[in-house]
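Q: Listed here are the chains, written in short residue letters.
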Amino acid sequence: MVLRSKRPLAPNKKPKQFVWGILQQIFAPLCGIASILILWHLMSLTPDTSLPSPFEVISNTWGLIVDPFFNKGGLNKGFFWLILASLKRVMFGYLIAVLIGIPIGFLISLNRFLREAIDPVIQLLRPVAPLAWLPLAQAIFLKPNPSAIFVITITAIWPIILNTALGVKMVPKDYTNVSKILELSFFENFYKVLIPATLPYIFTGLRIAIGLSWLAVVAAEMLLSDDGLGFFIVNAYNNSNISEIILAIIYLGIVGLILDKIMSYIAFKVTPQE
Amino acid sequence: MQNFVTIHGINKEYPAPNGERNVILKDIYLEIKQGDFVSLIGHSGCGKSTLLNMIAGMEKPSSGYVEVDGTRVKRPGAERMMVFQNYSLLPWLSAWDNVALAVDKVLSHKPKVERDRIVAAHLEMVGLKDAARKKPGQLSGGMKQRVALARALAIKPKLLLLDEPFGALDALTRKTLQAELMDICNQAHITTIMVTHDVDEALLLSDRVVMLNNGPAATIGQILDVPFGRSRIPSEIVDHPLYHDLRHELLNFLHHQQQAQYKEVEKMPILKSAA
Numbered sequence: 000m001v002l003r004s005k006r007p008l009a010p011n012k013k014p015k016q017f018v019w020g021i022l023q024q025i026f027a028p029l030c031g032i033a034s035i036l037i038l039w040h041l042m043s044l045t046p047d048t049s050l051p052s053p054f055e056v057i058s059n060t061w062g063l064i065v066d067p068f069f070n071k072g073g074l075n076k077g078f079f080w081l082i083l084a085s086l087k088r089v090m091f092g093y094l095i096a097v098l099i100g101i102p103i104g105f106l107i108s109l110n111r112f113l114r115e116a117i118d119p120v121i122q123l124l125r126p127v128a129p130l131a132w133l134p135l136a137q138a139i140f141l142k143p144n145p146s147a148i149f150v151i152t153i154t155a156i157w158p159i160i161l162n163t164a165l166g167v168k169m170v171p172k173d174y175t176n177v178s179k180i181l182e183l184s185f186f187e188n189f190y191k192v193l194i195p196a197t198l199p200y201i202f203t204g205l206r207i208a209i210g211l212s213w214l215a216v217v218a219a220e221m222l223l224s225d226d227g228l229g230f231f232i233v234n235a236y237n238n239s240n241i242s243e244i245i246l247a248i249i250y251l252g253i254v255g256l257i258l259d260k261i262m263s264y265i266a267f268k269v270t271p272q273e
Numbered sequence: 000m001q002n003f004v005t006i007h008g009i010n011k012e013y014p015a016p017n018g019e020r021n022v023i024l025k026d027i028y029l030e031i032k033q034g035d036f037v038s039l040i041g042h043s044g045c046g047k048s049t050l051l052n053m054i055a056g057m058e059k060p061s062s063g064y065v066e067v068d069g070t071r072v073k074r075p076g077a078e079r080m081m082v083f084q085n086y087s088l089l090p091w092l093s094a095w096d097n098v099a100l101a102v103d104k105v106l107s108h109k110p111k112v113e114r115d116r117i118v119a120a121h122l123e124m125v126g127l128k129d130a131a132r133k134k135p136g137q138l139s140g141g142m143k144q145r146v147a148l149a150r151a152l153a154i155k156p157k158l159l160l161l162d163e164p165f166g167a168l169d170a171l172t173r174k175t176l177q178a179e180l181m182d183i184c185n186q187a188h189i190t191t192i193m194v195t196h197d198v199d200e201a202l203l204l205s206d207r208v209v210m211l212n213n214g215p216a217a218t219i220g221q222i223l224d225v226p227f228g229r230s231r232i233p234s235e236i237v238d239h240p241l242y243h244d245l246r247h248e249l250l251n252f253l254h255h256q257q258q259a260q261y262k263e264v265e266k267m268p269i270l271k272s273a274a
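Chains A and B supply the protein sequences, listed in that same order. Letter 50 of the first sequence, counting from 1, is numbered 49 in numbering that gives the first Met the number 0, and no numbers are missing. Letter 163 of the second sequence, counting from 1, is numbered 162 in numbering that gives the first Met the number 0, and no numbers are missing.
No lab work stands behind these hints, which were simulated from the structure alone. It cannot be assumed that every hint is accurate.
Unchecked claim - Derived CB-CB ranges, DEER-like: (1) A:Thr175 to B:His243: 41 to 49 Å; (2) B:Asn85 to A:Asp259: 33 to 41 Å; (3) B:Glu19 to A:Val120: 19 to 27 Å; (4) A:Leu106 to B:Asn10: 36 to 44 Å; (5) A:Ile64 to B:Asn85: 52 to 60 Å; (6) A:Asp259 to B:Glu66: 55 to 63 Å; (7) B:Gln33 to A:Thr270: 26 to 34 Å; (8) B:Asn10 to A:Gly210: 52 to 60 Å; (9) B:Asn10 to A:Asp118: 50 to 58 Å; (10) A:Asn110 to B:Ser230: 28 to 36 Å; (11) A:Val120 to B:His254: 39 to 47 Å; (12) A:Pro102 to B:Gln33: 33 to 41 Å; (13) A:Thr270 to B:Lys109: 29 to 37 Å.
As the list claims (entries may be wrong) - If you only want the chain B side, here are some residues facing chain A, beta carbon under 10 Å, derived: (14) Gly56; (15) Arg71; (16) Pro75; (17) Gly76; (18) Met80; (19) Ser87; (20) Leu89; (21) Ile183; (22) Ile232.
Don't be surprised by glycine CBs; every beta carbon is placed ideally from N, CA and C.
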């Protein structure tokens, strides 16, 4: 493909050039995805495999793809409702993790005693796999929803705490010097210097945490719940409906990607631009 | 008060990891009159910035004290405002907001209109009226340092402390800012202490140049009076009959310090085996 013009897209370009520009940008990603699809198709052609080809998946699940909003009650729902159920759990668990995690992150970086007290707890609990918390959560909360939300919170909270604390540590001494010379009070220093300086690090933690939350919710739902994408996958497996599993996986990936992009956009808007 | 700033018997040492003491500064005595401009000059690492930090109150001396306008210096404060080598501007605030941060905090007893007027006036004084809304990332090094200067001067400190303020700038910008700083100091008559490496800068701006010996245990080696009077024209000052001699003396001093340091380094293996 010969490129006529290497200038970036401009909104006032002629329509033909505009479309051409977009095609240039998506060409490489399309190649990547097409290669995966081709590989998948080839693998599905091997004899004695239960892996359906991409076309089979689409034709088997066409009803689900075309109408995501149906609700025939009980377990029989369209993908929109399944995704919504999973997202609701993520939002709860994630919000709790944010509301607890950011203050803890600040506390352990500003107060030496608290840091030395809480750090061993973090180091001990962080390596525990999210799913390992599930039986304990279920035993305590007894109901699937709170247990799933607990698992999401305990997964998401560590990157939030650690990145917030790192952000405070990374505040350049220059800013602290200015704060000292101007004799800013603790709160003035906190709001005017500390928070703007640590915001990029906090958002790194938030982005990592939303990804982990999405991972955790599906796993929790696979074991516990009666709705959501995770449950759908387990149900499809029990009915030997591989095509539905594959479709659910594709939806999982897409929603995860969208969540990350949303987080990234919020970070861009909120973080002070330098 | 005859002496506005009194530096009395300052010593600074740190405990070294091997149990011994690292003596940075030893027995520093200096007196500065109000309105004077004093430069501290010396080789890198001789302790000039440490001394400046102690005058500011950012560090505590191991013994001795600093008095400014009759009060002992115990902690940092806006009346001993510093301009740092790397500007120390908050990058998420515009130039205006950076200056306003200082003005709103230090001059909070004044009404908002008055404070805004002060911020505007000082930004204009350093020639940044049009760039006031820009963030530091959009400003050149020289402009950033001008903002830092505006911020320092806007709060009318008793003592202005400059830590190699133009060290990070290219030679041309340095010359321009030196001339601007000279004009500002002439008009404002603020007592100023500046740390610098640049001999010409010291001669252009100061009333006295204090030369520090090399560390460890740096002391004041020599104090030079610069008798040029206050209104100096940078391009003509080099033609003054005394300029060359003073410059020569400063460079000589620094040169000897460097020689002494090399001799110290050569002596060290001998000392170790004797111990």
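Q: Look at each hint and say if it fits the structure.
A: Status of each hint after checking the structure:
The hinted range of 41 to 49 Å is satisfied by Thr175 of chain A and His243 of chain B, whose Cβ atoms lie roughly 44 Å apart. Between Asn85 of chain B and Asp259 of chain A the C-beta distance comes to about 35 Å, which sits within the given range of 33 to 41 Å. Checked against the hint of 19 to 27 Å, the C-beta distance between Glu19 of chain B and Val120 of chain A comes to roughly 39 Å, which is inconsistent with it. Separation of Leu106 of chain A from Asn10 of chain B is about 38 Å and conforms to the stated range, judged on CB atoms against 36 to 44 Å.
The hint said 52 to 60 Å for the Cβ distance between Ile64 of chain A and Asn85 of chain B, and at roughly 57 Å that hint holds. Look at Asp259 of chain A against Glu66 of chain B: about 59 Å separates their beta carbons, and that is inside 55 to 63 Å. In this structure the hint that Gln33 of chain B and Thr270 of chain A lie 26 to 34 Å apart at CB is violated, the actual value being about 45 Å. Checked against the hint of 52 to 60 Å, the pair Asn10 of chain B and Gly210 of chain A passes, with Cβ atoms roughly 55 Å apart.
For Asn10 of chain B and Asp118 of chain A, the hinted distance range of 50 to 58 Å is not satisfied, since their beta carbons lie about 38 Å from each other. The beta-carbon spacing between Asn110 of chain A and Ser230 of chain B, approximately 54 Å, falls outside the hinted interval of 28 to 36 Å. For the hinted restraint 39 to 47 Å between Val120 of chain A and His254 of chain B, the CB-CB distance of approximately 59 Å leaves it violated. Here the CB-CB span from Pro102 of chain A to Gln33 of chain B is close to 48 Å, at odds with the stated 33 to 41 Å.
Restraint check, Thr270 of chain A to Lys109 of chain B: a C-beta distance of roughly 33 Å satisfies the suggested window 29 to 37 Å. Residue-level restraint check for Gly56 of chain B holds (minimum Cβ-Cβ distance to chain A is 8 Å; threshold 10 Å). Taking 10 Å as the C-beta contact cut-off toward chain A, the hint placing Arg71 of chain B at the interface is violated, the least distance being around 17 Å. Interface restraint check for Pro75 of chain B: the shortest CB-CB distance to chain A comes to about 5 Å, inside 10 Å, so the restraint holds.
Taken as an interface hint, Gly76 of chain B checks out: its beta carbon lies about 6 Å from the nearest beta carbon of chain A, inside 10 Å. Contact between Met80 of chain B and chain A, as hinted, is supported at the beta carbon level, the nearest pair being about 6 Å apart and thus within 10 Å. The beta carbon of Ser87 of chain B comes within 4 Å of a beta carbon in chain A, closer than 10 Å, and the hint placing it at the interface holds. Given the 10 Å rule on beta carbons, the hint for Leu89 of chain B holds: about 6 Å separates it from the nearest Cβ of chain A.
With a cut of 10 Å, the hint placing Ile183 of chain B at the interface with chain A is violated, because the nearest CB-to-CB distance is about 19 Å. Residue-level restraint check for Ile232 of chain B is violated (minimum Cβ-Cβ distance to chain A is 33 Å; threshold 10 Å).
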